[in-house]
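4 protein chains.
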Amino acid sequence: MSAVGRALPETIEEGNLVLLYQDPKRKWITTVSKQRFHTHKGFVELETIAGKKFGESVMTSMGQPLAIFKPRTVDIVESFDRPTQILYPKDIGYALYQLGTKSGDKVLEVGTGSGAMTASLASAVQPEGHVYTYENRPEFLEAAQANIEKAGLSSVVTFHNSDPSEGFQEANVEAVIVDLGDPWKMVEASRRALVGGGMLAGFTPTTNQLEKLAESLRSRGFLIIEAVEVLLRQLKTDAGKLRPESRMVGHTAYVTIARKIQQGN
Amino acid sequence: MSAVGRALPETIEEGNLVLLYQDPKRKWITTVSKQRFHTHKGFVELETIAGKKFGESVMTSMGQPLAIFKPRTVDIVESFDRPTQILYPKDIGYALYQLGTKSGDKVLEVGTGSGAMTASLASAVQPEGHVYTYENRPEFLEAAQANIEKAGLSSVVTFHNSDPSEGFQEANVEAVIVDLGDPWKMVEASRRALVGGGMLAGFTPTTNQLEKLAESLRSRGFLIIEAVEVLLRQLKTDAGKLRPESRMVGHTAYVTIARKIQQGN
Amino acid sequence: MSAVGRALPETIEEGNLVLLYQDPKRKWITTVSKQRFHTHKGFVELETIAGKKFGESVMTSMGQPLAIFKPRTVDIVESFDRPTQILYPKDIGYALYQLGTKSGDKVLEVGTGSGAMTASLASAVQPEGHVYTYENRPEFLEAAQANIEKAGLSSVVTFHNSDPSEGFQEANVEAVIVDLGDPWKMVEASRRALVGGGMLAGFTPTTNQLEKLAESLRSRGFLIIEAVEVLLRQLKTDAGKLRPESRMVGHTAYVTIARKIQQGN
Amino acid sequence: MSAVGRALPETIEEGNLVLLYQDPKRKWITTVSKQRFHTHKGFVELETIAGKKFGESVMTSMGQPLAIFKPRTVDIVESFDRPTQILYPKDIGYALYQLGTKSGDKVLEVGTGSGAMTASLASAVQPEGHVYTYENRPEFLEAAQANIEKAGLSSVVTFHNSDPSEGFQEANVEAVIVDLGDPWKMVEASRRALVGGGMLAGFTPTTNQLEKLAESLRSRGFLIIEAVEVLLRQLKTDAGKLRPESRMVGHTAYVTIARKIQQGN
Chain A
82 MSAVGRALPE
92 TIEEGNLVLL
102 YQDPKRKWIT
112 TVSKQRFHTH
122 KGFVELETIA
132 GKKFGESVMT
142 SMGQPLAIFK
152 PRTVDIVESF
162 DRPTQILYPK
172 DIGYALYQLG
182 TKSGDKVLEV
192 GTGSGAMTAS
202 LASAVQPEGH
212 VYTYENRPEF
222 LEAAQANIEK
232 AGLSSVVTFH
242 NSDPSEGFQE
252 ANVEAVIVDL
262 GDPWKMVEAS
272 RRALVGGGML
282 AGFTPTTNQL
292 EKLAESLRSR
302 GFLIIEAVEV
312 LLRQLKTDAG
322 KLRPESRMVG
332 HTAYVTIARK
342 IQQGN
Chain B
82 MSAVGRALPE
92 TIEEGNLVLL
102 YQDPKRKWIT
112 TVSKQRFHTH
122 KGFVELETIA
132 GKKFGESVMT
142 SMGQPLAIFK
152 PRTVDIVESF
162 DRPTQILYPK
172 DIGYALYQLG
182 TKSGDKVLEV
192 GTGSGAMTAS
202 LASAVQPEGH
212 VYTYENRPEF
222 LEAAQANIEK
232 AGLSSVVTFH
242 NSDPSEGFQE
252 ANVEAVIVDL
262 GDPWKMVEAS
272 RRALVGGGML
282 AGFTPTTNQL
292 EKLAESLRSR
302 GFLIIEAVEV
312 LLRQLKTDAG
322 KLRPESRMVG
332 HTAYVTIARK
342 IQQGN
Chain C
82 MSAVGRALPE
92 TIEEGNLVLL
102 YQDPKRKWIT
112 TVSKQRFHTH
122 KGFVELETIA
132 GKKFGESVMT
142 SMGQPLAIFK
152 PRTVDIVESF
162 DRPTQILYPK
172 DIGYALYQLG
182 TKSGDKVLEV
192 GTGSGAMTAS
202 LASAVQPEGH
212 VYTYENRPEF
222 LEAAQANIEK
232 AGLSSVVTFH
242 NSDPSEGFQE
252 ANVEAVIVDL
262 GDPWKMVEAS
272 RRALVGGGML
282 AGFTPTTNQL
292 EKLAESLRSR
302 GFLIIEAVEV
312 LLRQLKTDAG
322 KLRPESRMVG
332 HTAYVTIARK
342 IQQGN
Chain D
82 MSAVGRALPE
92 TIEEGNLVLL
102 YQDPKRKWIT
112 TVSKQRFHTH
122 KGFVELETIA
132 GKKFGESVMT
142 SMGQPLAIFK
152 PRTVDIVESF
162 DRPTQILYPK
172 DIGYALYQLG
182 TKSGDKVLEV
192 GTGSGAMTAS
202 LASAVQPEGH
212 VYTYENRPEF
222 LEAAQANIEK
232 AGLSSVVTFH
242 NSDPSEGFQE
252 ANVEAVIVDL
262 GDPWKMVEAS
272 RRALVGGGML
282 AGFTPTTNQL
292 EKLAESLRSR
302 GFLIIEAVEV
312 LLRQLKTDAG
322 KLRPESRMVG
332 HTAYVTIARK
342 IQQGN
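Protein chains in written order, with my numbering: chain A, 82 to 346; chain B, 82 to 346; chain C, 82 to 346; chain D, 82 to 346.
Heads up, a few of these hints could be off.
For identical chains, the list gives no copy identity; a pair is met inside one copy or between any two copies.
[As the list claims (entries may be wrong)] Listed next, the in silico DSS-like pairs over lysine-lysine satisfying Cα-Cα at most 30 Å (straight line): (1) K133 x K115; (2) K183 x K322; (3) K108 x K134; (4) K122 x K293; (5) K317 x K115; (6) K231 x K322; (7) K122 x K183; (8) K122 x K108; (9) K133 x K322; (10) K183 x K317; (11) K293 x K231; (12) K122 x K106; (13) K293 x K115; (14) K231 x K317; (15) K293 x K322; (16) K106 x K317; (17) K322 x K134; (18) K266 x K134; (19) K317 x K122; (20) K115 x K322; (21) K122 x K266; (22) K266 x K115.
Hints in this document: simulated from the structure, not taken from any laboratory.
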């Protein structure tokens, strides 16, 4: 068997971001360093992780094994400080695929919030693409910047501390993502910033917001590709006892995907 | 306003793949050429599209405007020839985000089918990454190759005409995607092909398949991150008449996301 | 074993309403008579059913067995002539249980439509209770009367051919069921017709209608007990291939259950 | 306006069961008596309720108004002591409507549990029908008996403290309701107890139980009418902020509705 993939699996080094995983409810993102990391089942001297490979385990002082993983974007986002409600992975994943966002794209975000979508967009457009994100509440922007820094994605993100109802500084972007309470106010500015045929995604918790957003999009040169809600049911897969989980998230936000029709611009 | 995005919006040229869009049910992928393109509302001389910009429209001989868009991966996949049932966008988008697949990744697919997931993976890993895909039914492989060629993604995809129950030719890949009727038979080979901590996604229509896959994963060195079903509700956004659509897709497949735990290998 | 239930199972007689059942898609309600009944797999001389017991089968002229069942209300309703869209069993069943409608109740319905809810209410309140139903479109009322007659429930239903926006003729009813396009216009009249603490159920397809109905209920002396949508997933139970059906009904109507608060009246 | 409904709204008397309602989370079932009833917002002298009418309010010692309602079956069931997990109203309501259970029916229940379904069946068949219920765990039976007593339905319920795998004492019942961990073991006994064409409802939390139950029903003379799951989404109806609730019940049980085919018996 020849290793067509990477020549060799990576060895973990000091400074690497790692996910320590005990179970779905107990998992942590941290950096390999000379620190001691505490869990409720004992501690780990983080430097002992250096030299191991991803997928291996480390034992806590109380004998609890923790799997060591390379964090995915979704893991890192889950560990973000959250001064605001963040978008759910189910909605982010859906929107990214519908937007068609890919490596090399230039995309614009309005409503940085805690940076969950920002990080996801940055991961999708790297290494050559870029994310321009706007947030007018300085305390959120600060938290988002720290989160993006932690995710190692700062080089592909530009933060703007402003409310761009007057217009964005960028033009000809492939996509605009709007996650604000009044997304309809950003439709005209989004239209001007988008390249012809460019995509817009809007997230709206209430049906009233969805209605206003759809109305604004239709009247300002967008085709609505779809307005959906994504429901996620988790299953318990115990052998002989397969069943959906007893509780689920009932609603997060409606996701609207629209596409700019060129009309001069 | 400076154009920080692309310097200039692209002008459509002969040879470009375009999406001609009338409405959600009537849209077509074609290539700009000297051909005449027929719709039920008249035809378009495709060469008249050259020189236009994406987002602009072209008029058919019967006066029906068609918007011209740069096709997203999801648009191209929707236009694929399908000798087999294909995965749904809702499931592909979910899996890609959970796998964390990104530019530069090497990923492996078992069960190419019509190439819907193949194209989506290829789009996510390009330009530096690669997709290795296995399919043992030659007629499906042929259709998939034509589809991937149409999508312009052939350079990042390697096709294998074999059933890899004995093992894959690749190693240290970041992710394995399994879309076969008996995915549990691929778990051991997948484990060996994956880098430590690598991700696996499996798609299973029935609860019985899900149960067997989960059992196999647990017994062969995987952590099950989650087993879910993604339900998508589309909404009609007519002003004053907002409501979910009357019909919806009730079920496609359960999506299982698992992660390899290193155990020597 | 002593037969505590009924002394003897009923023998089918001429004049009885029967359900002839081939499979979930092919089933018919008819009356045992001297008629010949045609199916796509041969005919049945209906008088040959007399003397059989429910649950037994009859063979068509082409050898297709049909099970003979005593029709439930839901079977009869499914066979109704439908000049209008009718409520779905999932919504009717939910509302009846939430309303607490039971034998002996007097209930009021606005918007008879094809009589699906009327029949369900009549079945629930019989033999001592009564349903008063209002419909201002004569052609619907006529169809509904024929449907209720077929269901054998005419003795517990009174039909009113009028739009009761001015008020109902009845008072002190236990429940009012509103199934009209503008249910908020019936809230005040409903309040006056209801006994203190009486229940109201409203069915609204759009979120805009739901919002107006809820607003009207709150401002006119009702407590909203709940506003819900009922989603029904059917499963295929083939052994070894258990799975939800591929298609499902995505939306019918929101069901609002409210309760009158006494304020003088 | 003539009072066609009841001659007069009822006046509440000592001994009546009442629902005291503050809001959806704070509501209590109690009996009008000389007792003092305590809430976290002050107390009520219950005898002051006598002489009022349903739908009116009573004020607590701290000035909190409580609406006084005549309890529906669903309210009483919600107040039951529950040594066991009980069926959800969404599932009970669905099953009752599908079973076609109505006044005068004789029905059989296996797995009394806390009596939630028992009470709902009793309410549906009263005053002339009857419910025969089996429970082999004495502590559950005792709780169920007290609950049914509280609901005022004891006269239409017969309790059996036994596991009827050998057979039920009743015959020719219109319906059998099975709510046990291994419902397939009750299929043969249920078939024998049912009248020809009689209905069976089974509740199963896992897909494995559903599969076994369906298999058993098919092999022992039943037609499966349907196997479903009922999903209930609650909505917040605040004006201008309409949206589904953030959390929902993800899964309770699959409901199977089957019908006995006569084969001699």
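Against the structure, the hints come out as follows:
no.	hint	in the structure
1	K133 x K115	within (15 Å within a copy, 59 Å between copies)
2	K183 x K322	neither (40 Å within a copy, 34 Å between copies)
3	K108 x K134	within (18 Å within a copy, 48 Å between copies)
4	K122 x K293	neither (50 Å within a copy, 32 Å between copies)
5	K317 x K115	neither (38 Å within a copy, 50 Å between copies)
6	K231 x K322	neither (40 Å within a copy, 35 Å between copies)
7	K122 x K183	neither (41 Å within a copy, 34 Å between copies)
8	K122 x K108	within (12 Å within a copy, 42 Å between copies)
9	K133 x K322	neither (36 Å within a copy, 43 Å between copies)
10	K183 x K317	between (33 Å within a copy, 28 Å between copies)
11	K293 x K231	neither (36 Å within a copy, 38 Å between copies)
12	K122 x K106	within (14 Å within a copy, 37 Å between copies)
13	K293 x K115	neither (53 Å within a copy, 43 Å between copies)
14	K231 x K317	neither (32 Å within a copy, 37 Å between copies)
15	K293 x K322	between (45 Å within a copy, 12 Å between copies)
16	K106 x K317	both (14 Å within a copy, 29 Å between copies)
17	K322 x K134	neither (34 Å within a copy, 40 Å between copies)
18	K266 x K134	between (49 Å within a copy, 26 Å between copies)
19	K317 x K122	within (25 Å within a copy, 41 Å between copies)
20	K115 x K322	neither (44 Å within a copy, 50 Å between copies)
21	K122 x K266	neither (49 Å within a copy, 36 Å between copies)
22	K266 x K115	neither (49 Å within a copy, 43 Å between copies)
Hint violations for this structure: numbers 2, 4, 5, 6, 7, 9, 11, 13, 14, 17, 20, 21 and 22, all remaining hints satisfied.
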